[in-house]
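Let the sequences and hints guide you as you build the complete structure.
Protein chains in written order, with our numbering: chain B, 93 to 583; chain H, 39 to 109.
Please note that the accuracy of each hint is not assured.
[Unchecked claim] Listed next, with one range per pair, are the computed distances between beta-carbon atoms:
1) Tyr539/B to Arg46/H: 41 to 47 Å
2) Thr79/H to Lys117/B: 39 to 45 Å
3) Ile204/B to Thr73/H: 56 to 62 Å
4) Glu107/B to Ala98/H: 32 to 38 Å
5) Tyr500/B to Thr101/H: 44 to 50 Å
6) Phe234/B to Thr73/H: 55 to 61 Å
7) Gly78/H to Thr196/B: 57 to 63 Å
8) Tyr89/H to Lys136/B: 22 to 28 Å
9) Lys425/B to Tyr89/H: 49 to 55 Å
10) Thr101/H to Ala225/B: 51 to 57 Å
11) Arg46/H to Thr311/B: 20 to 26 Å
12) Thr101/H to Met353/B: 25 to 31 Å
13) Gly85/H to Arg438/B: 47 to 53 Å
[To be verified] Non-contacting residues of chain B with respect to chain H, defined by C-beta distances greater than 12 Å in every case (computed):
14) Met96
15) Met182
16) Arg188
17) Ile204
18) Glu265
19) Thr269
20) Phe278
21) Pro300
22) Ser536
23) Ser540
[Unchecked claim] Derived DMTMM-like pairs: lysine to aspartate or glutamate, alpha-carbon spacing no greater than 25 Å straight-line:
24) Lys135/B to Asp84/H
25) Lys519/B to Glu567/B
26) Lys425/B to Asp411/B
27) Lys526/B to Asp538/B
28) Lys58/H to Asp478/B
29) Lys59/H to Asp478/B
30) Lys58/H to Asp119/B
Keep in mind the hints are simulated off the structure, nothing from the lab. Glycine residues also receive a C-beta, built at the ideal position from the N, C-alpha and C atoms.
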Amino acid sequence: MAAMTREETQNLIQEVLAVYPEKAKKDRAKHLMVNDQSLDVAKKCITSNRKSLPGVMTIRGCAYAGSRGVCWGPIKDMIHISHGPVGCGMYSTMGRRHYANGTTGVDIFTTINVTTDFQEKDIVFGGDKKLKASFDELEKLFPLAKGYTVQSECPVGLIGDDIESVSKVKTAEIGKTIVPVRCEGFRGVSQSLGHHIANDSIRDWVLPTRVGKDDGFTTTPYDVNILADYNIGGDIWPSRMLLEEIGLRVIAQIPGDGTLMEMEKSIHAKLNLLHCYRSMNYISRHMEETFGMPWMEYNLFGPTKIEQSLRAIAERFDDKIKDGVEAVLAKYKPQWQAVVDKYRPRLEGKKVMLYVGGLRPRHIIGAYEDLGMEVVGTGYEFAHNDDYDRTIKEMGGATLIYDDVTAYELDAFVKKIKPDLIGSGIKEKYQFQKMGFPFRQMHSWDYSGPYHGYDGFAIFARDMDMTLNNPCWKEIKAPWLRPSPAETQAA
Amino acid sequence: MPSVMVRRNDEGKLLFYIAKKDLEEVITAVEHDTTDAWGGTVTLGDGETFYIDPISPPPAFPTTLRFRRVE
Ligand code: SF4
Chain B
93 MAAMTREETQ NLIQEVLAVY PEKAKKDRAK HLMVNDQSLD VAKKCITSNR
143 KSLPGVMTIR GCAYAGSRGV CWGPIKDMIH ISHGPVGCGM YSTMGRRHYA
193 NGTTGVDIFT TINVTTDFQE KDIVFGGDKK LKASFDELEK LFPLAKGYTV
243 QSECPVGLIG DDIESVSKVK TAEIGKTIVP VRCEGFRGVS QSLGHHIAND
293 SIRDWVLPTR VGKDDGFTTT PYDVNILADY NIGGDIWPSR MLLEEIGLRV
343 IAQIPGDGTL MEMEKSIHAK LNLLHCYRSM NYISRHMEET FGMPWMEYNL
393 FGPTKIEQSL RAIAERFDDK IKDGVEAVLA KYKPQWQAVV DKYRPRLEGK
443 KVMLYVGGLR PRHIIGAYED LGMEVVGTGY EFAHNDDYDR TIKEMGGATL
493 IYDDVTAYEL DAFVKKIKPD LIGSGIKEKY QFQKMGFPFR QMHSWDYSGP
543 YHGYDGFAIF ARDMDMTLNN PCWKEIKAPW LRPSPAETQA A
Chain H
39 MPSVMVRRND EGKLLFYIAK KDLEEVITAV EHDTTDAWGG TVTLGDGETF
89 YIDPISPPPA FPTTLRFRRV E
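Listed below in structure tokens is the structure:
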């Protein structure tokens with residue numbers, strides 16, 4: 093379908109909203125906009141980070157999922173206890189593909205789901221005893237764990253258990269870091285508040301441990317932290333390789349494939365490199381204020397953005413890094429050019445619609461553009477105003493932007509816009525595949541990845557081609573509904 | 039009295055950030071901005087104004103300060 097004009101997009105929004113009752117229509121209208129690149133701030137045009145509308149389907153998660161699954165989950169040498177009933181942990185974390193190096197049960201615990209498994213009696217008499225007992229049990233089972241976090245689920249907040257005091261008592265007893273996180277699922281409107289709470293718990297319980305102490309750590313002028321890269325499908329590894337190749341020294345990965353010790357020594361870095369702004373800008377701001385450590389956002393999806401990001405990073409350092417960047421750019425040019433040459437002819441001009449989480453709706457646009465594809469609609473589950481400010485410039489004029497889109501709206505938009513590819517999550521996947529649209533899961537990379545860096549770009553391009561040009565999409569329509577060969581020939 | 043983090047952006051301009059409100063705006067004007075005091079009425083890019091008693095000597099940014107909204 094040809095690109096839509098502003099007016100057409102506006103009409104489409106009105107058309108889709110028409111089925112809602114008056115009040116719901118007014119509310120949802122604020123969350124949908126036609127992009128206008130001339131704007132600097134998004135808040136006049138789009139409202140975000142508000143409570144989802146009751147009665148329609150949202151795909152947001154809860155604060156507990158934001159903390160347990162997203163921010164704390166990938167820290168590999170700590171055991172994260174889901175404190176509460178058994179179900180939350182399963183649904184929020186077990187499907188997340190944050191990879192980690194190590195041996196499960198010995199030095200990494202990311203794939204193990206630990207819960208205190210609340211029963212009725214724990215609700216009535218309190219769960220503190222159970223929490224204490226679980227530390228003792230875990231100490232016996234996994235003596236090499238470096239620490240624990242207590243991730244509260246809804247009931248813990250409702251009955252008012254004092255997980256902080258239990259944590260303090262147990263820290264004194266077993267001598268390991270224990271971080272209580274007050275991330276009950278009912279807090280806030282989405283997983284976003286869970287990210288914030290998790291950031292605050294890192295600030296309060298982890299970072300201060302080495303402040304003002306001589307920990308014997310030798311620093312160099314090139315020390316950086318990678319923040320908010322979750323190592324989905326191994327993303328952080330090609331990122332780290334690139335950064336090291338340009339001459340930087342990565343001293344901490346928080347949290348992707350990261351450890352408690354890395355978090356503690358991260359205070360020694362010269363610069364925080366922030367990948368997902370939404371989920372960890374809070375800790376970056378805190379570290380800037382407390383340790384004078386500047387932070388910057390970067391993007392390693394697709395060669396264009398990699399080049400921009402690496403050059404921007406080099407600006408913060410001396411000529412050694414600047415030369416390193418130029419050398420790296422030259423070295424990888426043939427590699428990515430071959431990828432573009434191979435896939436661009438197969439993907440040129442195809443339209444993509446995205447609906448993902450905290451940074452990908454804007455970060456991967458560049459990678460699609462490198463392949464000659466165009467992103468015609470994008471949106472976030474749980475973004476805030478500042479994310480939309482950053483999105484407006486990335487998206488083309490007159491494209492569609494939707495916040496916390498409902499299942500019905502996304503469905504209606506897709507039927508109208510008819511994109512060639514949809515990138516969203518597991519909850520949308522089968523709906524659109526059954527409608528005959530090529531679909532990639534862009535939360536988990538659809539069991540593929542990594543997509544970061546030059547190595548990741550090759551995989552990204554292959555995956556998009558594999559999905560979009562798959563012959564299966566033609567078979568979805570029932571044979572008697574397909575145009576007859578005579579009709580096709582006439583056309 | 040929101041608690042506000044004031045920091046410099048890459049262009050060296052001061053940014054006014056209220057975490058609770060997701061408000062991040064450039065500060066366009068400050069009433070007192072000399073070598074011995076910083077503060078007074080602060081105007082943001084979107085036209086909103088806030089007040090803080092002048093601080094002397096001027097604080098080192100980034101820092102968190104408490105401002106009052108000017109109606
Ligand atoms: S909202 Fe509460 S009960 Fe539901 S998954 Fe989140 S923490 Fe568990």
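Comparing the hints with the structure gives:
1. Tyr539/B to Arg46/H: 41 to 47 Å: holds, 43 Å
2. Thr79/H to Lys117/B: 39 to 45 Å: The hinted range 39 to 45 Å holds for Thr79/H and Lys117/B, with Cβ atoms some 40 Å apart.
3. Ile204/B to Thr73/H: 56 to 62 Å: holds, 57 Å
4. Glu107/B to Ala98/H: 32 to 38 Å: Between Glu107/B and Ala98/H, where Cβ atoms are some 54 Å apart, the hint is violated.
5. Tyr500/B to Thr101/H: 44 to 50 Å: Check passed, 46 Å falls within 44 to 50 Å.
6. Phe234/B to Thr73/H: 55 to 61 Å: holds, 57 Å
7. Gly78/H to Thr196/B: 57 to 63 Å: holds, 58 Å
8. Tyr89/H to Lys136/B: 22 to 28 Å: Cβ of Tyr89/H to Cβ of Lys136/B: about 25 Å, so the range 22 to 28 Å holds.
9. Lys425/B to Tyr89/H: 49 to 55 Å: Once the Cβ atoms are compared, 54 Å apart, the range 49 to 55 Å for Tyr89/H and Lys425/B holds.
10. Thr101/H to Ala225/B: 51 to 57 Å: The hint (51 to 57 Å, Cβ to Cβ) is violated, given that Thr101/H and Ala225/B are roughly 44 Å apart.
11. Arg46/H to Thr311/B: 20 to 26 Å: holds, 23 Å
12. Thr101/H to Met353/B: 25 to 31 Å: holds, 29 Å
13. Gly85/H to Arg438/B: 47 to 53 Å: holds, 50 Å
14. Met96: Per Cβ check, Met96/B is outside 12 Å of chain H; nearest 30 Å; holds.
15. Met182: The assertion about Met182/B holds, with a minimum of 32 Å to chain H.
16. Arg188: The assertion about Arg188/B holds, with a minimum of 26 Å to chain H.
17. Ile204: Holds, since 33 Å exceeds 12 Å.
18. Glu265: holds, 35 Å
19. Thr269: holds, 25 Å
20. Phe278: holds, 18 Å
21. Pro300: holds, 17 Å
22. Ser536: holds, 27 Å
23. Ser540: Non-interface label on Ser540/B holds, nearest chain H Cβ at 33 Å vs cutoff 12 Å.
24. Lys135/B to Asp84/H: holds, 11 Å
25. Lys519/B to Glu567/B: holds, 23 Å
26. Lys425/B to Asp411/B: It holds: about 21 Å lies between the C-alpha atoms, which stays within 25 Å.
27. Lys526/B to Asp538/B: The hint holds at about 17 Å.
28. Lys58/H to Asp478/B: Holds - the C-alpha atoms of Asp478/B and Lys58/H are around 12 Å apart, at most 25 Å.
29. Lys59/H to Asp478/B: holds, 10 Å
30. Lys58/H to Asp119/B: holds, 21 Å
Hint check: violations occur at hints 4, 10; the rest are consistent with the structure.
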